[in-house]
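J.: Sequence:
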Amino acid sequence: MNRSSGCISAAPGPERKGTPAPARTAAGAHPHYTEERNMRSDYQAQLTPAIRVLSQAQIEELHYATLEVLRRTGVRVMVEEAREMLRKAGCWVDGDRVRFPAGLVEWAIRTAPSRVVLCDREGRPAMFLEDGRTYFGTGSDTPFVIDIRTGERRPSRLQDVVEMTRLVDGLPNLDFVMCMGIAQDVDQAVSDLYHFRAMVENTTKPICYTAWNLRNLKAIIEMCEAVAGGEEAFQRSPFAILYAEPISPLQHIVEGTEKLLYTCRKRLPIVYTPGMMFGAAAPMTSAGGLVVANAELLSGLVMAQLACEGVGFVYGGGVTIMDMRTMSVTYASPEFLLNMVALTEMAHYYHLPVFSFGACSDSKCFDQQAGLEGGMWTLLAALAGGNLCHDVGYIDSGLTASMEMVVLGDEAAGMVRRFMQGITINAETLALDVIDAVGPGGSFLGTEHTVRHVRENWFPTLLERGSYENWVQAGKRTLGDKARQRALQILETHQPKPLEPAVKQKLDAIIARVEAEAAGGH
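Quick note: the working numbering has the sequence shown finishing at residue 602, numbered continuously throughout.
Careful, some of the hints might be misleading.
[What the hints assert, rightly or not] Here are the simulated BS3-like pairs of lysine-lysine, each with C-alpha atoms no more than 25 Å apart in a straight line:
1) Lys444 - Lys298
2) Lys298 - Lys584
3) Lys298 - Lys586
4) Lys562 - Lys444
Bear in mind the hints are in silico, worked out from the structure with no lab data behind them.
Quick caveat: nothing in here was measured; it's all calculated off a predicted structure.
My request is simple: use the sequences and hints to build the entire structure.
T.: Encoded structure:
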């Protein structure tokens, strides 16, 4: 509509000679090419990339098949208290076998929250585990590490957990920490407590932790409360979340079930996800394996919601295959990636936060294979919509931690985050006036528009973009060289914010007490 003349036209015609040109808006856009004048129904200025591997009908088929497994086959629940809780809720209990009515399962799905908020150590919201948000972090409990200084593979030590945590604290694109080691140089009965202390003393980022048993879990939560300033403060602003597992196929063992119930009754969110190899602990087919995984997840969800209605529950799992040639687990097979995308879609169907994977690899060292597989994982996890994407830095099929791989995972996360922003199309980004002003044969290099938008591009820290000659002059450094140097530079210069001395004393006292209890057989 041409408001100055009162006339309505389908489109403006060419300007007549002798008439003044239309005035520009304050933003420099032509008045006939602004969002206000060119509204379109159902128009999106930006569409973020995404991937799906299941149709809605396939998702529903997996859901109904899972309900049938829970009704007909059921699961083993090895804690009497949990079985009695389930029986009272309407489950059918026969020894340690528990079968579930569909209505109870779907009640638990409706009751669980669609988001979990994790804070940093200072109590500030840091990660919103909800639809559309992806975060990356390391993995846990690797028995071996590639020594960053010697390049040798050796058993993990407590100092490795300390340094891995400091490294993640200093990397800008990694969001949370897991311990990335099983320290062999401390009392194994309480090594999980030492891991947690090493993490909480060396980062302010959120922590995902493991606990060997219920006694140690209680101690770790006590440590969390000491850091947060009390039980209620930690419940309100949790900076740490437990990772626990059922045991495939279809078993909730004593340790995992006790940890699940205790955490939920403390009104704390939990990651409770299976790790299975299709062909060994689940059917070889993706569909059958996903049904087993989903049955373990949904039966765990029921127990969580019965223990504390509305408690946060993070869905997910390691749904990989066994390589029948080597009889080993695979961390980067296309089947694992495909299954994980499918499981992420099931989480979205249930409106639950999802635990996924980041830059990990089956390679035995930090090499081209590690880069290929790590990059694939990072991109697909984000495209699928994973929330808590862990295991950044895993190589050797989850047996070995690599600082170089962690640094590469940080680089990959930054690159993928830029890709996931998509392309914004509006009057400013279309830049019609800029194109008109520069004209054919001109240069956009010196325009204000270029200056305004150049920072939107992603610039790498490790990846090489310069000329061959400059690369040679700089010493022909490979990606491995640069990743190692970056890791060492962060370890030498980055100083995490320390805990208060009084809090550190409380943590030491808790560990000493539990270590004495373990030595005494309690």
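J.: Hint by hint, note whether the structure agrees.
T.: Verification of the hints:
Taking the CA atoms of Lys444 and Lys298, the gap is about 36 Å. The hint is violated against a cut of 25 Å. In summary, the hint linking Lys298 to Lys584 is supported, as the alpha carbons are separated by about 18 Å, within the 25 Å threshold. With a C-alpha separation of about 14 Å, the suggested pairing of Lys298 with Lys586 holds against the 25 Å cut-off. With a C-alpha separation of about 19 Å, the suggested pairing of Lys562 with Lys444 holds against the 25 Å cut-off.
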